[in-house]
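Protein chains: 2
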Amino acid sequence: MNVVQKYGGTSLETIEKIQAVAKHIADNKKPGEDIVIVASAMGKTTDQLISLAKQITEDVPKRELDALLATGEQQTVALLAIALQELGIDAVSMTGFQSGFVTTDFHTKARIKEINTERVEQLIEEGKVPVVAGFQGMSENGDITTLGRGGSDLTAVAIAAHLGWDCEIYTDVDSLHTTDPRVYPEAKQLHRITYEEMMEMSSLGAEILETRSVELAKKYNVKLFLGRTLENDKSRGTYIMSNNNLLVEDMPVTGISFQDDCTIFNIKGVKNDGKTVADLFNLLGELNINVDMISQQITGKNECSVSFSCTISQGNELSSAIQTNSVLSGLAIEKQDGLAMISLVGVGMATHSGVASKVFSILATEQIPYYQITTSEISISVTVDLEKKVKAVIALCEAFGL
Amino acid sequence: MNVVQKYGGTSLETIEKIQAVAKHIADNKKPGEDIVIVASAMGKTTDQLISLAKQITEDVPKRELDALLATGEQQTVALLAIALQELGIDAVSMTGFQSGFVTTDFHTKARIKEINTERVEQLIEEGKVPVVAGFQGMSENGDITTLGRGGSDLTAVAIAAHLGWDCEIYTDVDSLHTTDPRVYPEAKQLHRITYEEMMEMSSLGAEILETRSVELAKKYNVKLFLGRTLENDKSRGTYIMSNNNLLVEDMPVTGISFQDDCTIFNIKGVKNDGKTVADLFNLLGELNINVDMISQQITGKNECSVSFSCTISQGNELSSAIQTNSVLSGLAIEKQDGLAMISLVGVGMATHSGVASKVFSILATEQIPYYQITTSEISISVTVDLEKKVKAVIALCEAFGL
Numbered sequence: 001m002n003v004v005q006k007y008g009g010t011s012l013e014t015i016e017k018i019q020a021v022a023k024h025i026a027d028n029k030k031p032g033e034d035i036v037i038v039a040s041a042m043g044k045t046t047d048q049l050i051s052l053a054k055q056i057t058e059d060v061p062k063r064e065l066d067a068l069l070a071t072g073e074q075q076t077v078a079l080l081a082i083a084l085q086e087l088g089i090d091a092v093s094m095t096g097f098q099s100g101f102v103t104t105d106f107h108t109k110a111r112i113k114e115i116n117t118e119r120v121e122q123l124i125e126e127g128k129v130p131v132v133a134g135f136q137g138m139s140e141n142g143d144i145t146t147l148g149r150g151g152s153d154l155t156a157v158a159i160a161a162h163l164g165w166d167c168e169i170y171t172d173v174d175s176l177h178t179t180d181p182r183v184y185p186e187a188k189q190l191h192r193i194t195y196e197e198m199m200e201m202s203s204l205g206a207e208i209l210e211t212r213s214v215e216l217a218k219k220y221n222v223k224l225f226l227g228r229t230l231e232n233d234k235s236r237g238t239y240i241m242s243n244n245n246l247l248v249e250d251m252p253v254t255g256i257s258f259q260d261d262c263t264i265f266n267i268k269g270v271k272n273d274g275k276t277v278a279d280l281f282n283l284l285g286e287l288n289i290n291v292d293m294i295s296q297q298i299t300g301k302n303e304c305s306v307s308f309s310c311t312i313s314q315g316n317e318l319s320s321a322i323q324t325n326s327v328l329s330g331l332a333i334e335k336q337d338g339l340a341m342i343s344l345v346g347v348g349m350a351t352h353s354g355v356a357s358k359v360f361s362i363l364a365t366e367q368i369p370y371y372q373i374t375t376s377e378i379s380i381s382v383t384v385d386l387e388k389k390v391k392a393v394i395a396l397c398e399a400f401g402l
Numbered sequence: 001m002n003v004v005q006k007y008g009g010t011s012l013e014t015i016e017k018i019q020a021v022a023k024h025i026a027d028n029k030k031p032g033e034d035i036v037i038v039a040s041a042m043g044k045t046t047d048q049l050i051s052l053a054k055q056i057t058e059d060v061p062k063r064e065l066d067a068l069l070a071t072g073e074q075q076t077v078a079l080l081a082i083a084l085q086e087l088g089i090d091a092v093s094m095t096g097f098q099s100g101f102v103t104t105d106f107h108t109k110a111r112i113k114e115i116n117t118e119r120v121e122q123l124i125e126e127g128k129v130p131v132v133a134g135f136q137g138m139s140e141n142g143d144i145t146t147l148g149r150g151g152s153d154l155t156a157v158a159i160a161a162h163l164g165w166d167c168e169i170y171t172d173v174d175s176l177h178t179t180d181p182r183v184y185p186e187a188k189q190l191h192r193i194t195y196e197e198m199m200e201m202s203s204l205g206a207e208i209l210e211t212r213s214v215e216l217a218k219k220y221n222v223k224l225f226l227g228r229t230l231e232n233d234k235s236r237g238t239y240i241m242s243n244n245n246l247l248v249e250d251m252p253v254t255g256i257s258f259q260d261d262c263t264i265f266n267i268k269g270v271k272n273d274g275k276t277v278a279d280l281f282n283l284l285g286e287l288n289i290n291v292d293m294i295s296q297q298i299t300g301k302n303e304c305s306v307s308f309s310c311t312i313s314q315g316n317e318l319s320s321a322i323q324t325n326s327v328l329s330g331l332a333i334e335k336q337d338g339l340a341m342i343s344l345v346g347v348g349m350a351t352h353s354g355v356a357s358k359v360f361s362i363l364a365t366e367q368i369p370y371y372q373i374t375t376s377e378i379s380i381s382v383t384v385d386l387e388k389k390v391k392a393v394i395a396l397c398e399a400f401g402l
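First to last, the sequence lines map onto chains A and B. Residue 1 is where the first sequence starts when you use this note's numbering, and the numbers rise one by one after that. Residue 1 is where the second sequence starts when you use this note's numbering, and the numbers rise one by one after that.
The set of hints was computed from the structure by calculation and includes no laboratory data. Check before you lean on any hint, since a few could be wrong.
In this list, chains with the same sequence are indistinguishable; a pair is considered to hold if it fits within one copy or across any two.
To be verified - Taking lysine to any residue pairs in the SDA-like style, the calculated list, with each CA pair at most 25 angstroms apart, reads:
(1) K17 - D47
(2) K23 - L52
(3) K54 - L87
(4) K44 - T14
(5) K62 - G285
(6) K219 - N243
(7) K62 - E118
(8) K17 - L49
(9) K62 - R119
(10) K268 - E286
(11) K44 - Q55
(12) K62 - E126
(13) K62 - G88
(14) K29 - T57
(15) K30 - K223
(16) K54 - A26
(17) K54 - D90
(18) K234 - Y220
(19) K44 - I15
(20) K388 - D180
With these hints in hand, go ahead and build the complete structure from the sequences.
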């Protein structure tokens, strides 16, 4: 079956590993089956390039950073194509630009505007295997851009969506678990999960697959498979697919994810005219800051308080931006660091009452204080003190049978 | 004055050196003066990338090698642009493609077909400093190509030609000398040299500047300057310009260059029908092999012998290609290695009789046997045994006052 396969940087960090991946691809490619390979930069290349640039300045201009970083993936795909050709596979390396990724010019966090897969499709028709550099594209005025965190996954999913193929994401972990096994070693493997659950898990801290990739897969109904590089036994990986393909089992919580570097902003005494809050979220949008756990409460006549969470580094970026903003600089802003956000996710949750009350009573029994709470159709998130995180995760996993 | 400045890889091999070059550019840029910077890959990057690819296969597919190697220059220009911006220069890095270099698809030795400097010129108009990746371009079907040896110089000269600017090539040597000072330490500095002399010197072994760059400079009358990176005293460099700008002094020989890895091919009993020789040189053209010292002699009725020289590695490439060629495989081909070619160059030579006889009598006095001889308007070349090379160069330099 035609498929887009994506290999992560740790699976390609040496020439030996690149050759092993090439051999695995060659061994498993069936005659008449078409594949597209997407690759990340070898091992720590991206970090090394960033550190070179930071030797010059802490504040690296983002357009140039993108031009620098894009070389990492370009090197990997050239080397992987060489290794594949050596094994008789007619592979052709392609940069983001060559594979038709047109993006916004928001450097280091560009968004895909359109994909012209004409050249990729032509190569496939000629029986060739395109080996596409993940993570990168080109803006409409011809500048090299990168897609930000998880960008290579996004590249793979976008191509799969365009071609109407499945997409396999290979990394150095076996599969998804109900929660991070480093925190709860008894965590169970998840063999199937819905897009929605995966999105919640990702956006709530599970570092395996970024939300945007899952979002795109859901939108175009791309069947995703997560597995360990070089592992042939698919039963050891995780399929991510639409609800329709899954039996929703009698299990309210599918998994628990968490995020350590969590900052909570509390903004009090905001004028309840709609405009101030809009300005604030405009600013967040301009800075491309992803916030979670947004809540707003009316605290008086024409006055409200707004709170939300984000990562510590984005929180710092936001703090400095607020200071130079004419509208927002006057507000009373409290920032609380040292928190972890724990999220319980499950499509069954909506049909099961009592999940929230069970969560709160477990935390109370364990004497773990909790702060902000937010919920969605399929998730409940709470913040706790970072040092209580492990205790809370273990207690919740045990209680929900994960 | 507006100028294209090109910096070689050894001048940019560390972040410190990149910063030093950036500072030198910033310190010397006068208000209202426009510059374009062209850069090579940092230090040994190209060699390191080649050795990565060779870990996979000795016979690296050339399209992929180009995609791999082009990342070297892309990294340098991004880092140099970052360093320049840090010093307040509004620099913008550009790949070969972005700067409009359209080439043939002869990978690893592509030739420039056209240059669309639109974007470069637009940046200059906006007061910016384009920092262009040397050595690379893109073929018409969108593949990344590299321009072969001396490709970054060619990039710089081509941009200068297009803009009608001068071109400065900065490396880790001061200037040209009458001959290689490592062989003849008393060799004098050359402050001015004509394009023609430089072309002869380059094609005959002086490794400072490739013939194609000088050829292009001559064609578009681009004034070239060769100098040491970070050196401000221009009197220590060498200007390369047209004959018209130079006083041809009363000096028949301007310089002596030489080439160590010299192979001579002797092909005897070639049918003198024109076709066999044409086939041979077609093959040389297909392999992109540069030959020197071509000579043909009629050796009998309808029979001739052909000889020419090339480098040892190209000679080996040629030997294997001849074996698989249906027309040429039957010929009696002798190959002689272990030779050096010594060339005396000077625009004054054509107007001075007796240079050749003086050369031969010096070699005879010194008891240095010599083999093939070829001459052009402004040069005389002889091959000698490699171990006699130094003795011959010193004797000739002393005799011609170099």
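Results of checking the hints against the structure:
no.: 1; hint: K17 - D47; result: both (19 angstroms within a copy, 21 angstroms between copies)
no.: 2; hint: K23 - L52; result: between (33 angstroms within a copy, 17 angstroms between copies)
no.: 3; hint: K54 - L87; result: between (39 angstroms within a copy, 15 angstroms between copies)
no.: 4; hint: K44 - T14; result: both (10 angstroms within a copy, 19 angstroms between copies)
no.: 5; hint: K62 - G285; result: within (17 angstroms within a copy, 44 angstroms between copies)
no.: 6; hint: K219 - N243; result: within (13 angstroms within a copy, 68 angstroms between copies)
no.: 7; hint: K62 - E118; result: between (29 angstroms within a copy, 23 angstroms between copies)
no.: 8; hint: K17 - L49; result: both (21 angstroms within a copy, 16 angstroms between copies)
no.: 9; hint: K62 - R119; result: between (28 angstroms within a copy, 20 angstroms between copies)
no.: 10; hint: K268 - E286; result: within (22 angstroms within a copy, 75 angstroms between copies)
no.: 11; hint: K44 - Q55; result: both (17 angstroms within a copy, 19 angstroms between copies)
no.: 12; hint: K62 - E126; result: between (37 angstroms within a copy, 19 angstroms between copies)
no.: 13; hint: K62 - G88; result: between (39 angstroms within a copy, 16 angstroms between copies)
no.: 14; hint: K29 - T57; result: between (46 angstroms within a copy, 21 angstroms between copies)
no.: 15; hint: K30 - K223; result: within (20 angstroms within a copy, 59 angstroms between copies)
no.: 16; hint: K54 - A26; result: between (39 angstroms within a copy, 20 angstroms between copies)
no.: 17; hint: K54 - D90; result: between (39 angstroms within a copy, 18 angstroms between copies)
no.: 18; hint: K234 - Y220; result: within (23 angstroms within a copy, 63 angstroms between copies)
no.: 19; hint: K44 - I15; result: both (14 angstroms within a copy, 19 angstroms between copies)
no.: 20; hint: K388 - D180; result: within (16 angstroms within a copy, 73 angstroms between copies)
In this structure, every one of the numbered hints holds.
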